[in-house]
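Visitor: Residues per chain, in single letters:
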Amino acid sequence: MTLPVLLLVLFALLLVGLLAWALRPPAHQARPALDVFEALKQSRHSSRMSHVIQALQPEDTEYLRETGQVALMQTLRRQRRRIALDYLDQLQKEFAMLLEISRVLAVMSPEVIGMEEMERWKLSFIFASTCAFLRWKLRLGLQPFSGFTLLSNMATDIARQLDAATTRVAEAAVQGSEHPALGHKRIDGL
Amino acid sequence: MVEPLQLQTAAWALTTTLELALFVQLVRRKLGRIYPLFFAYLVSAIFQSIAVAALYRMENLDRWTVWKIVWGTQGLVVFLRALAVVELNRRILLRYIGIWALSRKLFLGVAVAVIAYDLVLSKGLWQWLILNGIRGLELAMAAVIVTMLLFARYYRVPVNPLQRALAVGLCLYSTFYVINYSLLERIVQQYAVLWNFLDLFAFMASLLVWISAASRYVPSEELAVPSAIPAELYGKLSSEVNSRLLLLNRQLIQLLHLEDRGQ
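Same order as they appear, the protein sequences are chains Y and C. The numbering used here applies: residue 1 is where the first sequence begins, and numbers increase by one. The numbering used here applies: residue 1 is where the second sequence begins, and numbers increase by one.
Note that these hints are calculated values from the structure, not bench results. Take the hints with a grain of salt, since some may be wrong.
[To be verified] Not everything, but these chain C residues come out facing chain Y in the computed CB check (under 7 Å):
#1 Y96
#2 V146
#3 N242
None of the values given here were measured: they were computed from a predicted structure. C-beta atoms are modelled at their ideal positions from N, C-alpha and C, and glycine is treated no differently.
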């Protein structure tokens with residue numbers, strides 16, 4: 001049997017696997033009634049990133065070593081890592097919520113922009129893999145950080161950008177709420 | 001001991017009986033009107049079973065003529081099955097106009113790529129062109145069904161039990177056909193009769209899945225059309241959601257890089 005034919009057979013087997021995966025019941029039950037605009041208005045955990053970064057900075061706990069309280073410093077760092085993990089969970093939830101919103105919009109729209117949907121699939125994949133990687137690194141124990149000041153500034157920049165984006169979303173939401181098709185209806189069954 | 005030929009005849013008879021049972025179920029539940037192309041496919045499969053059985057009883061026909069008739073009718077049955085797959089996808093996704101518009105381009109791309117790849121393997125020999133073309137079409141159908149189900153899962157598009165059963169039956173039979181044709185029939189020629197049986201059994205399994213789902217079908221399974229939003233609003237909100245997703249992703253990646261720098 002030649003390699004191209006073997007590839008066909010492997011592809012057929014992959015399809016059977018994907019079929020079984022696609023037929024599984026969903027891991028998370030969808031929210032019974034998701035209001036797109038309400039969900040968009042919800043608070044964003046990502047805006048608190050600078051605090052988390054600050055808490056993870058080694059300088060924040062280094063003074064404990066100088067005063068001879070190494071055990072306390074380690075405990076504190078462990079606790080902060082746990083907080084960082086919780087923060088990561090919240091980020092992931094926020095991401096999932098945004099994806100849910102995008103799905104609702106796509107399902108309701110008479111036109112779906114392929115490039116934007118593809119961009120979202122790509123982002124979902126990158127986000128999920130980065131999140132898993134980071135989570136494992138945090139669980140295994142982070143080394144003390146250095147050069148946080150620069151990165152903290154970057155985080156502030158991002159928070160600013162997020163604010164700008166959210167303002168635009170709010171504007172779009174106001175325009176949308178004026179539209180009768182969406183303004184008075186909740187999207188059920190999602 | 002039972003002769004393989006007798007077993008094959010019995011399997012054919014059983015398959016035709018199951019096809020007729022499905023036909024009766026579809027007529028009883030008035031599903032022929034909802035899925036006319038699937039119904040046409042079933043009717044063609046029944047006629048093919050009867051025609052092939054009659055053909056094998058004619059002893060004066062030469063093997064080459066029989067081969068051409070059998071594969072000619074098979075081509076028609078596979079073509080109708082492909083139309084049934086299109087019908088099923090359309091039935092599930094058509095209510096979501098935007099999703100359907102996007103998905104059909106993707107389905108077409110997937111189908112063309114798979115068939116083209118398979119046809120390249122025939123190296124211009126017309127006998128292989130027909131056989132590989134049928135295999136390509138089968139694989140394309142399976143790929144399109146899986147893509148559709150993944151799409152439906154991602155966008156939380158409801159798929160009722162009958163649609164799910166139709167998709168599973170069509171997909172499993174198609175993938176089994178590809179594996180059987182590519183791997184088993186060519187490598188283990190001495191077990192050709194056995195693989196013929198397996199092919200029939202795969203089809204019987206699909207028929208049983210369809211009969212079971214058709215007999216449990218209730219008309220209320222057809223779902224209401226979701227409310228719509230203007231395309232411009234979708235475009236605006238969608239790009240905003242994307243920008244927020246992008247920023248979240250960037251944050252995460254920076255957090256990761258931050259950690260790398262720290263180590």
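Visitor: Would you list, in rising numerical order, the hints stated earlier that this structure does not obey?
Guide: none
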